[in-house]
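Visitor: This is what each chain is made of:
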Amino acid sequence: MNGARNQAHDGARPGRNDLGDVDEDARRDAHAGDRHDARDDDRQVARNGDPLDGERAVLEAPDINRALTRIAHEILERAKGPEKLLLLGIPTRGTVLARRLADRIEQVEGRPVAFGSLDVTMYRDDLRLRPARALGRTDLPEDGVDGRIVVLVDDVLYSGRTVRAALDALNDLGRPTAVRLAVLVDRGHRELPIRADYVGKNLPTSRAETVRVCLSETDQRDAVLLRGGQR
Amino acid sequence: MKRHLLSTADLSREDALLILDTAEQLAQVSGRSIKKLPTLRGRTVVNLFFEDSTRTRISFEAAAKRLSADVINFSAKGSSVSKGESLKDTALTLQAMGADAVVIRHGASGAPHRLAAWVDGSVVNAGDGTHEHPTQALLDAFTMRRRLGELDGRRVTIVGDVLHSRVARSNVHLLHTLGAEVTLVAPPTLLPVAMDDWPCEVSYDFDAVLPKTDVVMMLRVQHERMNASYFPSAREYSRRYGLDPERMGRMPDGAIVMHPGPMNRGMEIAAEVADGERSTIVEQVTNGVTVRMAVLYLLLSGSEPAIGGNQ
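As you go down the protein sequences, you meet chains A and B in turn.
Under my numbering, the letters of the first sequence match residues 84 to 314, in that order.
Under my numbering, the letters of the second sequence match residues 22 to 332, in that order.
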């Protein structure tokens, strides 16, 4: 079922002071830059999916597989079929996930579902905090987004600022019937009133931790890796 | 760090490809119903034009507006420049107004370099004298890449008044950086004296080069700069260096014809050629807006620019 219901707040567990070493990590990571950027920084470094020092896998390939299959069914059930659906991934890994979801939906329904990618770089609110960056790909179907049920797909939901940018970008592209949000991992710490409709896994984290999503298309293997907080 | 786009010789291969790739993504914007992005909201771009220009100025203005920047147009006619104000005083005025970028066209080669030392914003060279016109070269490369694919090993022939052409200079450097082989074709009188360090071939014989070329770029005969007898008559120039349908017929299949505009129809290029299927002249104008958006985006959107040379 829809696991996203109340997790936005439950997921947020900043400052787990019962464990001394978490604070130490927090201090060290505070120098790493703006906290909103932690996820993007992870994306920019080309690494394979092997865990680094201090990283542990919270989701392995079979878990990711099952989560995506469940989300595909949930999307279909709510949309009552694939006809009006358009899955739009946010580059880079959101695009990969959108393609996988589209494959699964096609397997279930026997009919193809539209999918594409939506780059939100030009709409971000943190552009001026860092050097100018390259754009990702935007691929939309010929007939655009008007009248479609758009499902935005991303790998990690964190501050919600990327999703806000995506909503602004969609607004300039047309008028979908509805916009929904599917993410593989919801790690909490929202800074905007945004909530996912479909969640692979709710992952309570501290802000000092980093979440890294690896997918075989981009990182050789499937895994969700967590680093920073200790258990 | 402040960076500018003054010369294509300053662009590394990575920078040049980043601009072209960014433009590739931005090209979609001109096909949308809302042709506007919010990225440069609150930034000010000054178009500082000391020389006449239609397409370049309008193109920069459209590019800046599509990125939501505020645009101030400044032309020398009707400004304090006609009262004798110096370039430096004009620059300080712009500085006081808080220009984030200055797009400058000037009749004197090197004027943008001087300006870059006086203002805090990024300076974009929109053509200086007979020196450079970097965004024209970028849009030409972008147009070639869209028609022909990657430029590595492509043979480009640039024909005409190389001596006075900033377009030719910028293209020679940029196309060389991108891996293309450039041949300049012109009468000896219309070639610069010191070309030893230019990364290109030179020929006086258009017909010999023609069958081995993927791109023919015709340059405008600049009547306003023809202050000496560079060639005996317009008819002779046209016969030896003009592109007519008969010559175009000897180009390889798939080869394209380019012209930076404005054209002298019947002089360096025949009307049938300019309006023909191989011609990219109208595309070049469309692509100009896209490429200039990419340049402004990469110079202005972040905390520091992603491209360009240091000054």
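Rather than coming from a laboratory, the hints here were simulated on the basis of the structure.
The C-beta atom is built at its ideal place from N, Cα and C for all residues, glycine as well.
Check the hints yourself; a few may be wrong.
As the list claims (entries may be wrong) - Partial chain B-side listing against chain A, Cβ under 8 angstroms, derived:
1) Ser51
2) Arg53
3) Ile55
4) Thr60
5) Thr65
Unchecked claim - Quick list of simulated restraints, FRET-style, between CB atoms:
6) Asp91(B) to Pro276(A): 28 to 38 angstroms
7) Leu275(A) to Trp139(B): 54 to 64 angstroms
8) Glu166(A) to Thr114(B): 54 to 64 angstroms
9) Gly200(B) to Glu300(A): 21 to 31 angstroms
Visitor: Close enough to count: is the Cβ of Thr65(B) nearer than 8 angstroms to one in chain A?
Guide: violated (14 angstroms)
Visitor: Regarding the hint that Thr60(B) lies at the interface with chain A, is the smallest CB-CB distance below 8 angstroms?
Guide: Result: holds, 5 angstroms to nearest chain A Cβ.
Visitor: Return holds or violated for the Cβ distance of Leu275(A) and Trp139(B) against the range 54 to 64 angstroms.
Guide: Roughly 42 angstroms apart at Cβ, these two residues miss the hinted range, so it is violated.
Visitor: Would you settle whether the hint for Arg53(B) is holds or violated, based on the nearest Cβ-Cβ distance to chain A being less than 8 angstroms?
Guide: holds (7 angstroms)
Visitor: Holds or violated: is the Cβ of Ser51(B) closer than 8 angstroms to a Cβ in chain A?
Guide: Where the cut-off is 8 angstroms and the nearest Cβ of chain A is about 13 angstroms from Ser51(B), the hint is violated.
Visitor: Could you check the hint for me, namely that Glu166(A) and Thr114(B) are 54 to 64 angstroms apart, CB to CB?
Guide: 60 angstroms Cβ-Cβ, so the 54 to 64 angstroms window holds.
Visitor: Taking 21 to 31 angstroms as the stated bounds, is the beta-carbon spacing between Gly200(B) and Glu300(A) within them?
Guide: About 29 angstroms separates the Cβ atoms of Gly200(B) and Glu300(A), which means 21 to 31 angstroms holds.
Visitor: Honestly, do Asp91(B) and Pro276(A) meet the 28 to 38 angstroms range at C-beta?
Guide: holds (31 angstroms)
Visitor: Quick one, is the Ile55(B) hint okay against chain A at 8 angstroms, beta carbons?
Guide: With Cβ-Cβ at 5 angstroms, under 8 angstroms, it holds.
Hints 1, 5 and 7 from the list above are not met by this structure, while the remaining hints are.
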